[in-house]
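Protein chains: 2
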Amino acid sequence: MAGKVFFSVSMSLDGFVAPEPVPGGDVFAPGKQDDPQVRRWLAQWMELQQWIFPLRFFRENLKLGEGGEEGRDNDIARETFERTGASVMGRRMFDLGEQSWPPEAPFHTPVLVVTHSKRDPWERPGGTTFHFVTDGIEHALDQAREAAGDRDVRIAGGGETILQYLNAGLVDEFSVAVAPVLFGAGTRLFEGVDASRIVLEPVRADPTQRVTHLTYAVHRR
Amino acid sequence: MAGKVFFSVSMSLDGFVAPEPVPGGDVFAPGKQDDPQVRRWLAQWMELQQWIFPLRFFRENLKLGEGGEEGRDNDIARETFERTGASVMGRRMFDLGEQSWPPEAPFHTPVLVVTHSKRDPWERPGGTTFHFVTDGIEHALDQAREAAGDRDVRIAGGGETILQYLNAGLVDEFSVAVAPVLFGAGTRLFEGVDASRIVLEPVRADPTQRVTHLTYAVHRR
Numbered sequence: 001m002a003g004k005v006f007f008s009v010s011m012s013l014d015g016f017v018a019p020e021p022v023p024g025g026d027v028f029a030p031g032k033q034d035d036p037q038v039r040r041w042l043a044q045w046m047e048l049q050q051w052i053f054p055l056r057f058f059r060e061n062l063k064l065g066e067g068g069e070e071g072r073d074n075d076i077a078r079e080t081f082e083r084t085g086a087s088v089m090g091r092r093m094f095d096l097g098e099q100s101w102p103p104e105a106p107f108h109t110p111v112l113v114v115t116h117s118k119r120d121p122w123e124r125p126g127g128t129t130f131h132f133v134t135d136g137i138e139h140a141l142d143q144a145r146e147a148a149g150d151r152d153v154r155i156a157g158g159g160e161t162i163l164q165y166l167n168a169g170l171v172d173e174f175s176v177a178v179a180p181v182l183f184g185a186g187t188r189l190f191e192g193v194d195a196s197r198i199v200l201e202p203v204r205a206d207p208t209q210r211v212t213h214l215t216y217a218v219h220r221r
Numbered sequence: 001m002a003g004k005v006f007f008s009v010s011m012s013l014d015g016f017v018a019p020e021p022v023p024g025g026d027v028f029a030p031g032k033q034d035d036p037q038v039r040r041w042l043a044q045w046m047e048l049q050q051w052i053f054p055l056r057f058f059r060e061n062l063k064l065g066e067g068g069e070e071g072r073d074n075d076i077a078r079e080t081f082e083r084t085g086a087s088v089m090g091r092r093m094f095d096l097g098e099q100s101w102p103p104e105a106p107f108h109t110p111v112l113v114v115t116h117s118k119r120d121p122w123e124r125p126g127g128t129t130f131h132f133v134t135d136g137i138e139h140a141l142d143q144a145r146e147a148a149g150d151r152d153v154r155i156a157g158g159g160e161t162i163l164q165y166l167n168a169g170l171v172d173e174f175s176v177a178v179a180p181v182l183f184g185a186g187t188r189l190f191e192g193v194d195a196s197r198i199v200l201e202p203v204r205a206d207p208t209q210r211v212t213h214l215t216y217a218v219h220r221r
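So the protein lines, in turn, are chains A and B. Read in order, the letters of the first sequence are residues 1 to 221 in this note's numbering. Read in order, the letters of the second sequence are residues 1 to 221 in this note's numbering.
With the rest of the complex left out, here is chain A (with noise of 0.2 Å):
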């Protein structure tokens, strides 16, 4: 049976999945974190993902070592992690985590990069293998969709790729971990929706003591 296909964010209150972009935008680049607004950028960020980091499951995934929360949140997220066959991410989380993820990037499945550039398949230790779709959002969905299996496809981020899986109805379920946090502005998640298609139906909500995990399978009218 095939997998479904969710995506899996944390936002702001106010609607935000990322920060205000950075000029040039490789915040987590060598040396650039002396420079004020790449700070900012990244004390938001973690503002909006500090219910991940000090959880076991995250700690384990990043070989940071032993310890670490457990509970709900711990629970989501390896839940999330478990349930994944295979990721679909844009070109900018791409060129991001490359420079942020460690040798063995935490996602442990095929990944399919839309890029308009071709490159070879990126085969990294611990089972994370990138390959680089260049004919559109539908081909990388269904090459990520032969790589799970009966397990199901993330639709990783960012932003805008999730936002053009959702209006193209390819989106069947997706959860927000609603952060106590205010942007006032940056990358909207539902920026540019085809709200009049889209029906919401409520799946689960879990609050937890730092976010509020809220879970929606999408229907179309």
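Where hints are given, some of them may not hold.
Identical copies carry no separate label here, and so any pair may be met within one copy or between two of them.
[Stated by the list, open to error] Straight-line C-alpha distance at most 25 Å; calculated SDA-like pairs for lysine to any residue:
#1 K32 x S196
#2 K118 x R145
#3 K4 x R210
#4 K4 x Q209
#5 K4 x V203
#6 K32 x A217
#7 K4 x E191
#8 K4 x R39
#9 K118 x T129
#10 K32 x E70
#11 K63 x G184
#12 K32 x E104
#13 K4 x P54
What the hints contain is simulated information worked out from the structure, not anything from laboratory work. As the structure is a computational prediction, the values presented were derived from the model and not from experiment.
Position chain B relative to chain A; hints supplied.
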């Protein structure tokens, strides 16, 4: 002991508290409901507020008759009403309401209307009296606090008035009922928020069948 200043609104998952304004704006005026744009506005607004209409408290408060749903949503609606000793609202919300509230308006307390036009107090049956305040949001709040006694002051709306109070550091706490709907366009609750000065502390999260009620305390930094 003085009460708190709070607001409580329904918000779409993409951050809107009202659909895109209709030219003219008076969507509740008699005869207007034949206009397709107005019908669309009302349909979206109903989707956002749909958790409220079936409630026993809502029916009771507007004298729509017996019956209605009980449960957590109903308790929350009733608690929000009962804690409120006075409300503050903007001129546009008042203008819309003047056309749609029944003679016995649903506040049953003093309501301070922030406006530029002087007008005598307007007393309605059932305990609601509208007072028109022309010297700014702080004076309106002072009068509301005095009227509320030891109960709380609700900043009732609309979105722009709420944001003025939030940015002025005058809101202690707020609740959003996150509805499972995407608007794509309209009035954003947090448009223009002074995000760098606001810290949110999660107080409570109540998922119900229809919406997720999120409550935050507001601190300054």
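To see whether the hints hold, each was checked on the structure:
1. K32 x S196: between (42 Å within a copy, 22 Å between copies)
2. K118 x R145: For K118 and R145, the Cα distance is within 25 Å only inside one copy (21 Å; across copies 65 Å).
3. K4 x R210: between (27 Å within a copy, 24 Å between copies)
4. K4 x Q209: For K4 and Q209, only the inter-copy Cα distance (23 Å) is at most 25 Å; the intra-copy one is 28 Å.
5. K4 x V203: within (14 Å within a copy, 34 Å between copies)
6. K32 x A217: neither (39 Å within a copy, 35 Å between copies)
7. K4 x E191: within (23 Å within a copy, 34 Å between copies)
8. K4 x R39: neither (37 Å within a copy, 35 Å between copies)
9. K118 x T129: within (15 Å within a copy, 69 Å between copies)
10. K32 x E70: neither (33 Å within a copy, 56 Å between copies)
11. K63 x G184: neither (34 Å within a copy, 40 Å between copies)
12. K32 x E104: For K32 and E104, only the intra-copy Cα distance (23 Å) is at most 25 Å; the inter-copy one is 62 Å.
13. K4 x P54: neither (28 Å within a copy, 34 Å between copies)
Of the numbered hints stated above, those contradicted by the structure are hints 6, 8, 10, 11, 13, listed in ascending order.
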